[in-house]
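Student: Given next are the chains, with one letter for each unit.
2 protein chains.
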Amino acid sequence: MMRLIRRLLIGRPLHNREMSHERLPKWKALAIFSSDALSSVGYGPEMIAMTLAVPGLLAYGYFGPVAIAIVLLLAIVTISYVQVARANPGGGGSYSVAIKNLGELPALTAAASLFADYTLTVAVSVSSGTAALISAFPSLLPHEVAIDLIVLLMILTIINMRGVRESSNIFAAPTYLFIAGIFALIATGFWQVFSGSDPLIPAAAAARQPLSWGILFLCLRAFASGCSSMTGVEAISNGVPMFKEPEVHNAATTTYWMSSILGFMLLGISFLMIHYHLLPEENTTLLSSLAENIFGRNVIYYYIQITTMLVLYLAANTAYNGLPPLLSILARDGYMPRYLGFRGERLSFSNGILLLSLFAATLIVVFAGSVEHLISLYAIGVFLSFTIAQTGMVIHWRQVQDAGWHWRAAINGFGALITGTVVLVIAITKFMFGAWIVLIFIPLMISIFRKIKHHYADMADQLHLPMPDGASLQIAPRGKNIVVMPVASPTIIVAETLKYAQAISDQIYAVHIATDEESARKVRDKWLKWNPEKVELVTIYSPYRIVVQPLIRYIEKLEMKKRPEDFITVLIPEFETLRWWHRLLHNQTGWILRTLLILKENVVVSTVPYHLKK
Amino acid sequence: MMRLIRRLLIGRPLHNREMSHERLPKWKALAIFSSDALSSVGYGPEMIAMTLAVPGLLAYGYFGPVAIAIVLLLAIVTISYVQVARANPGGGGSYSVAIKNLGELPALTAAASLFADYTLTVAVSVSSGTAALISAFPSLLPHEVAIDLIVLLMILTIINMRGVRESSNIFAAPTYLFIAGIFALIATGFWQVFSGSDPLIPAAAAARQPLSWGILFLCLRAFASGCSSMTGVEAISNGVPMFKEPEVHNAATTTYWMSSILGFMLLGISFLMIHYHLLPEENTTLLSSLAENIFGRNVIYYYIQITTMLVLYLAANTAYNGLPPLLSILARDGYMPRYLGFRGERLSFSNGILLLSLFAATLIVVFAGSVEHLISLYAIGVFLSFTIAQTGMVIHWRQVQDAGWHWRAAINGFGALITGTVVLVIAITKFMFGAWIVLIFIPLMISIFRKIKHHYADMADQLHLPMPDGASLQIAPRGKNIVVMPVASPTIIVAETLKYAQAISDQIYAVHIATDEESARKVRDKWLKWNPEKVELVTIYSPYRIVVQPLIRYIEKLEMKKRPEDFITVLIPEFETLRWWHRLLHNQTGWILRTLLILKENVVVSTVPYHLKK
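For the record, the sequence lines run as chains L and H.
Numbering that gives the first Met the number 0 applies: residue 0 is where the first sequence begins, and numbers increase by one.
Numbering that gives the first Met the number 0 applies: residue 0 is where the second sequence begins, and numbers increase by one.
To be clear, the hints were calculated from the coordinates, so they are not data collected in a lab.
Where hints are given, some of them may not hold.
[Claimed, not checked] Computed spacing ranges between beta-carbons, pair by pair:
{"#": "1", "chain 1": "L", "residue 1": "His405", "chain 2": "H", "residue 2": "Arg523", "range": "47 to 55 angstroms"}
{"#": "2", "chain 1": "L", "residue 1": "Leu7", "chain 2": "H", "residue 2": "Asn282", "range": "35 to 43 angstroms"}
{"#": "3", "chain 1": "L", "residue 1": "Ser518", "chain 2": "H", "residue 2": "Ser369", "range": "21 to 29 angstroms"}
{"#": "4", "chain 1": "L", "residue 1": "Thr361", "chain 2": "H", "residue 2": "Ala145", "range": "25 to 33 angstroms"}
{"#": "5", "chain 1": "H", "residue 1": "Glu558", "chain 2": "L", "residue 2": "Ser518", "range": "48 to 56 angstroms"}
{"#": "6", "chain 1": "L", "residue 1": "Leu7", "chain 2": "H", "residue 2": "Ala456", "range": "37 to 45 angstroms"}
Backbone N, C-alpha and C fix where the C-beta goes; we use that ideal spot for every residue, glycine too.
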């Protein structure tokens, strides 16, 4: 039954040799790798507006400059990442760059940041996708978190457990449909702006307070929030090996394309938002307001909302292509549990996928699907990993020292400087708004990574089996096995257990713990009458009505008498009840005994399963 | 460490022969058995006032008649229970009477009612005691539930786990101190009333609406609520064997004393409450308001509050003398889990005590210590068990047919009729106010009792060991033991497990499940190099990366080949990690294997414990 459901949901197991090694053409790679970056126009500009609209509308006039600063930053990051792609044709993100060039601590910092980012990508993208849907269909609002969880757990998790190839065409469609929609939106908007009688930017939207320290801080915070538009820019450089040859060249071209489209969309959307002087509203995304302003609630409006939703869900999906492989690399390096490195039945890293879904679902539930709170946590980790990757690249170029390495190092150094500054800006301006969580999370994760590594190292030491050389090869004397079988009263279970006892030992002690003399006599009489194999019954009288301790004391006495190579097997005559609640009707002595005896070496506790039929 | 704390809290274990058989003089028995009944004046009259004050004050004028009706009912119940004591000198409450005279269903109904009552006694008495404390010291209000739980779990539970003798003088004091306080209150109140210039009952308090159906229903509901004053009247008849000789006579006298005191206190307090026209207030008990009216907030007021608190906590304690022995009788009869019938280290029924504390704590937490909601659940069960006991007595007298049995039967029959009517009144008037919970709970409990009995009967059938007679005594052929040992790679744990395998079998299969050919070769090479005992390694290739299923299939193949009397032992080489979280870093294959293999007969799964040292 369980198996059938499993097969229906995730499909038949796949053979090792069914692993896919398909290469992607540029047009497909663009769609697949850039859904994360492009989709962030669904929330990025809104984050700027939200920060600037807060202290009275006059700060809103700085929307334009902030948006332009972000696009400039995008240009710098893009150029830097094209370099990363050039230097790492084997793929691998900040962690790989850092462990190769910078050492353990920066690498683990990058890994922790990426861990946080990928989880947040899933949570933010899924809840933003749902927000786009709800903007179009407000009646769905009460089901917001439920929709998030259905998309996350029923669709994304299962698709990724199945391990559907990321190269399938179905994943390319939403990105292009989305781009087409946003381009149409911008074109129509511009047409309306420039053909209409409105002033280019109305005075209300352009009005600005004079720049004070307070306003500057606010602009920096708006900038920090807006930087969330830039998440996902690194995706292509992580996936270089998936491009058709010449991989590096194609990856670079695709990166430029992606950033150009993203920059164009960011600028266009920001311009139009300022023009229409749109302000954030409860339960409607700003992109939805913009589309409504330009098209009204017609078919095109719904087209834009639906494609925005799809591309955001697709962006969440990219994290599933990112985190589980990263976790498997970390597992291979010993920083994460080993089982995160194993491929499941469908060749996907199923444990990593489940972990990611679990964490993202927790975030969505805790923050009740409220995107803006999640985004506060978001940008800092992204830029931290940007900075580490760029710094790693500087070291890399210094080591390579090929023609023009100075230039390349300078570009990445500049990138590191800028993104590092952005990290500081975000950490300072958003500290109270959730950045502190990330600043606690990252060191915590690093210490967990190290503890795990340490444990595995200890394990390897302890489990190491010295290989015998010819001289030292000697066989230890064979031990005997002594069986202790607690008997409450002779039943059919005791009889069955006794059969097994005789199969594994010649020295069997049936031990009865008697809490009063009358029952002791009764059990003894019954035993003597029945006992077909003439096994001796040891009766221990326990006037304090304690069963476990006298038994353990008896076992300890046997332990002292036996030779060191001998074993003691405690055989507990127990039964499996037919219904789970039947178990509650029986005492848990077996369980207690097992828990206490597990502390002893050379004492094995075992049970012959006996199944009650009714 | 744990042991030391345990010893400090509950004391050294007691020997079987330390069981106490002390007899009580009347004055002590009165104090100990009647704390439950007497303490109910702490909430009973308040319950009447609360119901009558609700629909406008004019219904309040019926306070007097309702109180008088309750005292009359008390008289009837008292006389009936003196008969119960006469007929059952061996003690035992409604359940014992019913199982002897009426059969299983009424007995189980009584048991279920008593179960509910004792649990509610603890919850209601503890929270009423705390309410008395809070009335005196309102600043403790925010800690209400915490105080309840401390009294319940830290004091009552531990005292009863220690099994302090209920006969110790310390338990007699609060009752007499309480009686003295209430008598002083009533005397002073009457002095003030009759010496003062006030009219005997002021017009406001005596004003009544004309009796309509609605008001009658309300009065019946007030009566139903007030019946909670009568809980605990049956306590003496359950404890006849604890009286000094002549037991029955002494028990009867004590019952009359108890009911007289209770009746006097109920009438006196009700009269004074009506005289002062006291109305229920939030967070102050009505008894506290009365004491404040009469004495002001002086020493005597605090004396009354503190003794009320103590006697209420003591009343909770009486349930610990009632329910655990009842549960042990039910366990002996097979209606409750057997372990509820065992005496713990201190000779108390410790499992029953823990169960009672757990249930009462749950009630207190769920109802947030709010007494009035708990009392709604209370009276119905009490009167149901009264009715069953009285009915049982009618049957009893009919069977005995001694001199004057007609009279005795008539008294109990009348008692049964009246208490049965009260059950109906409560069930109807309080149905919406929580009585429905009890009406669901009782049938549910009855079905649980029967399910448990049924299970034990099934068990006995299945576990029965046929005793060999001389002719049929034949020894089954001795089985062999075949060991299957899953090996991931040769480590020191595998080496240790192999030693045990050789102690219990001559036929050992080390099985390696290989997910790819390279690792298969590696493990095989290592095995061949190491293997000191020349145990054969079976390699099973699993290209679908599934470990458990191929292993189980291998075991199933062995099962088909072996003789029926042979056993298969699956030895899982596992280790105990030093820290609990280390366990999360390792896969749970052993656990999964154990869970799946437990379904097979004649396959024993076992582990040689190996302890990691770091």
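Student: The structure should be examined with respect to each hint, and the outcome stated for every one.
Tutor: Tested hints:
The hinted window of 47 to 55 angstroms between histidine 405 (chain L) and arginine 523 (chain H) holds, with their beta carbons roughly 53 angstroms apart. Roughly 59 angstroms separates the CB atoms of leucine 7 (chain L) and asparagine 282 (chain H), a value that falls outside the hinted 35 to 43 angstroms. Serine 518 (chain L) and serine 369 (chain H) have their C-beta atoms about 47 angstroms apart, which leaves the hinted 21 to 29 angstroms range violated. One distance hint, 25 to 33 angstroms for the beta-carbon pair threonine 361 (chain L) and alanine 145 (chain H), holds here, with the actual separation near 30 angstroms.
Between glutamate 558 (chain H) and serine 518 (chain L) the C-beta distance comes to about 39 angstroms, which lies outside the given range of 48 to 56 angstroms. Evaluation of the 37 to 45 angstroms hint for leucine 7 (chain L) and alanine 456 (chain H) yields a pass: the beta carbon distance comes to about 42 angstroms.
Of the numbered hints stated above, those contradicted by the structure are hints 2, 3, 5, listed in ascending order.
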